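Given only the sequences and the hints, what does the whole structure look like? Please build it.
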Amino acid sequence: MDAQTESEGGRQSGRLGGEPTLSAHGITKDFGVLRANDNVDFSIMPGEIHALLGENGAGKSTLVKILYGALQPTAGEIRWKSSPVVIPNPAAARRLGIGMVFQHFSLFDALTVAENIALALANAGAMGQLKERITKVSAEYGLPLNPDSIIADLSVGERQRVEIVRCLLQEPRLIIMDEPTSVLTPQEADDLFVTLKRLASEGCSVLYISHRLEEVRAICHHATILRHGKVVAECDPQQETAARLASLMVGAEVRELTPPEPVSETAPVRLSVKGLSNPKPHPFAVALDNISLEVRGGEIVSIAGVAGNGQDEFFDVLSGEARAAQGSIAIDGVDCRRSGVNARRRLNAAFVPEERLGHGAVPRFRLSENVVLTRHGTREGLVRSGVVNFAGGRAIVGRVTEAFDVRKGAPDPEASALSGGNLQKFVVGREYDRKPGVFVVSQPTWGVDAGAATTIRQALVDLARAGSAVLVISQDLDEILEISDRVAVISHGRLSTPRDAREITRAEIGLLMTGISGDGQGGKVAH
Amino acid sequence: MAVLSPVIAIALTVFTGFFIFLAVGVDPFEALYVYFVEPLTQWWTVQELLVKAVPIILIAIGLSLCYRSNTWNIGAEGQLVAGAIAGSVFPVLVPEWNGPLVLPVMLLMGIAGGMLYAAIPALLKTRFGTNEILTSLMLVYVAQLFVDWLARGPWRNPEGHNFPDSRPFDGWQVLPVIVGDDVRINAIFVLIAVVVAWFVLKRTLTGFQISVLGQAPRAAAFAGFSQKRMVLLTFLISGGLAGLAGICEVAGPIGMLRTTVSPGYGFTAIIVAFLGRLNPVGILFAGLLLALSYMGGEGVQIALNISDQITRVFQGLLLFFVLTCDTFIFYRLRFVPARSAPRAAGEVSHGSA
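So the protein lines, in turn, are chains A and B. Counted the way the working numbering counts, the first sequence spans residues 1 to 527. Counted the way the working numbering counts, the second sequence spans residues 1 to 353.
Hints are all accurate, no fakes.
Heads up, simulated DSS-like pairs for lysine-lysine below, C-alpha to C-alpha not over 25 Å straight-line:
no., chain 1, residue 1, chain 2, residue 2
1, B, 228, A, 280
2, A, 81, A, 197
3, A, 408, B, 202
Now the stretches of chain A that chain B is said to cover, found in silico as 3 or more residues with beta-carbon under 8 Å:
no., stretch
4, 353 to 365
5, 379 to 393
For the record, the hints were derived by calculation from the structure and aren't laboratory data. Keep in mind that this is a model prediction, so the values were computed, not measured. We treat Cβ as the ideally placed atom computed from N, Cα and C, and that holds for glycine.
See the structure below:
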């Protein structure tokens, strides 16, 4: 194995040398007629932080599942340190020395850290010894954990530490991390990078899957880019711009957004929330605490925050699916705290929830039926004397398809037949088509390809420009900073005082994510 | 597959029945003929079949609305009995009243009785979150015991030589026959119910709400549909239809209020609802099939000396196979060979990186 350069400071040109820890040759995976991976070749060197880039649907998850033993390739070979291997299941992957940290954690909220880790290890040993190992290893890598804490009490960043420590206890030579920073505050992400560099300097490789191109450029030594199941490029991300990486991922120039215009101070307040509080609907939910917010016509206000800080609960109270115990909500000046969801729609408000399948749309219903789902109560003639006018629904589907370029195959397919990006365009377009005066959307471009994401964001900007009040709840800071006029942060059910998007910094947002005091300012000190 | 599944389930039931008859010691071909085919060969047995099918289909239509919206009314049998009791109030207590208005009043009271009885588990669910499967089922036994007591006790026919039945219904109090000797006007009620149910489910907002609530509860909340209101509505509808079936049985084929007013129609209707895939037209055909299974049971008892409980066995098997085959609408069975050695794509030269 070649000597490594220092972890901070000087960059090596070309790749780290030596025998690859893992290499894939000609990996192909078919699901029926769909070829998810097409003759993929790539290799990971020891001590390398290797980025795997690609849009949703490019084949990254499939490839990773094959490496981890959850899927078998249709053809192709995997080599571990130059010897061919077959990885029939995740336990075999772990025995080889491959560890994986998933995007969605598999932790039991009601158990302790040590208990969760014991469940995952093949030979956990005595509990006392395990706890010592946990304390030692977690401290060594800069991710200190108390083995007796209960998962439910931990922050998302701390929970991720549990997942990572669980991996590290098995002494891996390769750690696969799937979208690790999507659930972290900026400061927590920085801490993670320190840990990853430490691991790399010890010769452990990291396969890093992420959408966040700036991060990839900051810490990864090498990148493989997938598109439509094939490897289209390999490069050193440090030598490329984010725009170049994005265009390699998408295969074309990525459209620029026409930026929002500044908002006049005299524009009327269209959505007003005062002193909104609500207890937890169930033990693992978040209570809302004295939330106040005003959105004027023509402006886009975004609420940033790591998942699990009250976004769902706040959305449900805004849409009318849940009633707040205290506080008031007014749409265009009309008090609607006691009104249900359709009454608020009749006040010309529109809502797009985070989960498009199962909440925003019924998966096995046709698109025309899904139009009726949210627009039956808005006096548009979709329901006459109790009879549903599905032809009217189909007409709306046609309009939305045109306006938002929804690719759907058949004229009126089931919602579950559409890809994530196209379904999201439909769900947003269905509400946009009503020209709502107040538009509340949660995670507008989660899991959506770059082209559809741009279309959706442009629609939000256009809506604001036409005079509507737009409220966006999002975990994507880049998106928020791109389109918003003002930004607030939600943390533990509290909302910070909104600040101008052009003035607030990522560091300040990160601080607010860790805690907000009663006066809407950051309360806690970042660690 | 959605259409094929009930057909395969029926085939599997017949197939299993073949072996059951074999095990019991009779000629399986003859038994299957007597069970499934003979009842269709004579006019009087066909009428009997229709008479049995009518209450089952009527109840199953109501149950299908419940089940589609994820509300589990298992107490249709009790609601049937409640309707029979409520509808019999006038003929039993005021037997002199015999005019053209009696029957409509009886039918309306039967519907009301079924609805009120169904409202009990519905309100327990919406108010207290009580599981409606348990409450509706337990109320079945309450109703059955109550009607038994009524028929033996306060409502017993004083001129009936101490037999535990009420006075027989008379004249206008009896459900009129419209076809042959046995098929009565409740057959028309069934056809109306099938058409109305089909229309409601396919075209109206109520039918839309039922489907959404059953498939995607969160989307239903997002649409402003209330699960609680639907629980009440579907229980009342299915209770009313079961009550109507009950009073029609009492005022029709039975002709009086007896200690038992139904051979388990309320439970058979559950099987019919699923066999018909919760679809009104499917239920129509499924009801005819299950009525056939009742006839077959009587037939093999008379001809081959097999207990008529064989009917229960067949109905149970059918429900089991229907639910199993339904799984295959969404999942396919595939045998995947375990991978033993690595396969290379084309020629791969070993030893190169």
